[in-house]
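Below, each chain spelled out in residue letters.
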Amino acid sequence: MPKKQRPPVVLTPALCKGCGRCIEACPKHAISFGEEIEQTSGYVPVVIDYDICNHCGLCLSACPEPYGLGNTVYDLEHPEHLYGERAARPPRPDDIAARQIPLPELGPLVLKGNYAAAIGALLSGCRHVFGYPITPSTEGAELLSKLLPKLGGVFLQACSEVATVNHMYGTGGAGLPTMTFTSSPGFALMLEGISYMIGAELPSVFINVMRPGPGLGYIGPEQSDLKLCCRGLGHGNTHAIVLAPTSPQEMLDQTMLAFELTFKYRNPVIVAADGFLGQITGRVTLPDAMVEPGLPGWAVYGDAAHSGNLNSSIFQDWTELERHNEHISAKYREMQKHEQRFVANHADDAKTLVIACNTPARMAKAAVEQLRREGLPVGLYQPVTVWPFPIDGLVPLLDHVERIVVVEASDGQLEDELRLALHSAGLRGPELSHLRHMGGILPSDREIIETVRGVTREA
Amino acid sequence: MSGKTAFFEHFDRHAHGKGLKGATTHYCPGCGHGLAHKYVAESLVELGVEERTVMISPVGCAVFLFYYFDTGNTQAAHGRAPAVALGHKLANPESIVVSYQGDGDLASIGLAEIIHAAQLGIPISVVFINNAIYGMTGGQMAPTTLMGQTSTTTPHGRGRMQGPPMRVSEMISQLDGATYVERCALYDQRTRKACKKAIKKALTLQVEGRGFGFVEVLSECPTHWGMSSIDAEAHVRDVLSKAYPLGVLKDEAAEPWFAPEKPCFDPGRVVEVIEASAERPERFCSGFPEHVDPVDVSIKLAGAGGDGAQTAALLVTKAAINEGFDATHIPSYGPESRGGTSYADVHIARDEVLSPAAPEPHVLVAFNAPSLAKFASAVRPGGVIIYDSSVISAAPEVDASVRVYPVPCAEIASSLGARVVKNVVALGALQEALKLLADESFLTTLRLSLASKCAMIPVNEEAYRWGVKAVREGISAFDD
Ligand code: SF4
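Residue numbers (our numbering), protein chains in the order written: chain R, 18 to 476; chain H, 4 to 483.
The following block holds chain R by itself, in its conformation from the complex (with noise of 0.2 Å):
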């Protein structure tokens, strides 16, 4: 092409760093290192010889800068351009709601907990599972990668438990519903990726049934990661909804719960099951709805509606990741207002308050009944949510309730989330007493009858 017809080249001062690597593109050698500094930018820009310039433009490939070399000039002094109001884009776009589909009178299935779990979540409208095989959990992944393909879905087994949540900070990321089985050891390698999904405000659902540690331990039942769930998911400010289910029924009730919670708050949920729980096989009756995933506005799906989104945990400038934070924070204290569950039997008048979840909690109920027959005032409160710890529901009961004694399958970390809430809300709370198993042996309901009735007879 003749020169003339050719656009010139355009050199923006304020945008060149004055690397030069035009110079050396430039086969008229018409470009030279500058030698005066751009009172804007504090750099040195290269300086373009216009009577030797050709237009040829092999320059500016070789630009690493986007707008210091073009064929025209950069509107530099667009006030908009100068003071940051966002350029024209078109709007965010709409979320679209997920839909409830109802599903007809069906009848029981009878099924193992981590099959329930799973089966909660294709009725979620989860069509995106990865995981990586661990026991007592594995179950629920090989179901999903048999059913997941006749409804145009994906299971993924990931390398490892870090791809895994990062598959899920994709998908989730990608405004759709994913989840994972794994159990204690893999959610442990998980917990980066959980701070990640949380600072970047990203849904996915976590079954983690829960297994013996430290290190490899065993595969029996335990509840020992109610800590990393409650209080250490990975780095920074962090928190998610716990969910603690005692039977089949619950594992499919409670997935299909924590993807709606995972969605309402933009935040991860956790289901924190026993190993038992993802063995016990039972009774399950079917919800009378399925749900048809919406997207929301805020996705980057990668379609052209949501392209201007951004999936991101950084923020450079100190005080607007503070901002960040209290905004995530804000959310918990959200969580912790709405969302406390729990179940509570024979706590109405209960002097002796037995506090267990997840299976224990069956042995509990156990144990309570068999004493509220020989007659003596013992109530049970399961928290449904570990986090945030029910503690609202258990202060009216704190008026007539002399003791409490904690039920658990870990050395005290429920205790420790019952203390911490207690403290929290301003009380002592009565005597504390407990009854604790670990190594996958659960607390039996003749033990818990046992540890009231030695309680009682102290006081």
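What the hints contain is simulated information worked out from the structure, not anything from laboratory work. All clues stand as given, with none of them false.
Computed cross-link-like contacts, EDC-like style, restricted to lysine to aspartate or glutamate with a CA-CA straight-line distance of at most 16 Å:
no.: 1; chain 1: H; residue 1: Lys24; chain 2: R; residue 2: Asp334
no.: 2; chain 1: H; residue 1: Lys377; chain 2: H; residue 2: Glu363
no.: 3; chain 1: R; residue 1: Lys163; chain 2: H; residue 2: Glu275
no.: 4; chain 1: R; residue 1: Lys45; chain 2: H; residue 2: Asp191
no.: 5; chain 1: R; residue 1: Lys167; chain 2: H; residue 2: Glu275
no.: 6; chain 1: R; residue 1: Lys167; chain 2: H; residue 2: Glu264
no.: 7; chain 1: H; residue 1: Lys21; chain 2: R; residue 2: Asp92
no.: 8; chain 1: H; residue 1: Lys265; chain 2: R; residue 2: Glu309
no.: 9; chain 1: R; residue 1: Lys163; chain 2: H; residue 2: Glu278
no.: 10; chain 1: R; residue 1: Lys167; chain 2: H; residue 2: Asp269
Because the structure is a prediction, the values reported are computed rather than measured.
Guided by the hints, dock chain H with the ligand onto chain R, whose structure is given.
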């Protein structure tokens, strides 16, 4: 610049677009990142896919990639960009997903993710910036740092104790899953042109659903190399590209294949897939087996892995639930269930099973001697023990109130030509000894469970009847 690109016209995310930051990158003068960005930005527009593109920002100097790309953007944890990219790609197969990573991110902390993403071969595009140094953290050794090269963590030069540098493209090109791998540079007009072409080619492979594309870019880091931009270009030309030869390492012809189905939310199909049904199973029991326990019956089934204790336990659980009771089954699980011992705890409750374990069962079904020895004494007074007398010779010593039934389960099953049904023989014996539910409760549940293996139904029914008969007639040894 020349053509249209996928860059924002104004970088509002870069310090809120204030002043010059709204139009310049955060990169050092002469840094290769800006060029690689430019070639991606141009290619996306040339392919007409910028609006459906998701750029994954790594951790490293390119962490702020999202300042510049007017596309969807997701910022990933260190090293995890390919995993995040796959999450995006699978969520929306029509999206174009680019994982953009540096050498620390991709070749060190994220090595597992990139290798498995490449081997998986799902069409995403990876741009790998190799400048043989950690930029963002201040010039530390990278996996790609050359032998002898100094960095802030190899002040005396990389030596034997740090191991030799890693040639990533060579590694990726060995993986069957990767379709296209090329190493490029940016030091002169020719290499820059080739780099742009390679990036566009990798993206094209993705747009057409053909495969995984990987472009390594030998890139200048004048800052941490302590060189001028011009010298840095020369360093890539004369040194880096000698250690990491440029060129196409793999370019396989691949047909378009990536076209996943759309997710299905049809309630009818979902119900079918989860094998739910509106049909309620028929009931055969007149009431809860109060003669065993007023509210809750517990049963332990124990044997070796393969004895069928778990299957039998599940059948009892299902039969009880079909009768409208609550029931649970907990297996011993994990490695134990593979060949070793296999125990199952079952509860049947009139209203609700509370404690699901069965430390003191009403009933013990034992398939081998160790199981019988271990659990016989735990059976409650007035309870029942059924054991396989074909493999256990000695009757257990138990409380006089416990009824003990030796049943030759294995021998009966063998005589029926199917050793696997010995657990069903035990089931028949259990029902006959205890009158737990009704015979039809078990037989119906058996038939339902075998719906997909109809041919097995007759032998199972026969096994069940033999179990009933053995208890009724006191058959403890079996000769066929
Ligand atoms: S430190 Fe190196 S890689 Fe990072 S922006 Fe500067 S020149 Fe580029």
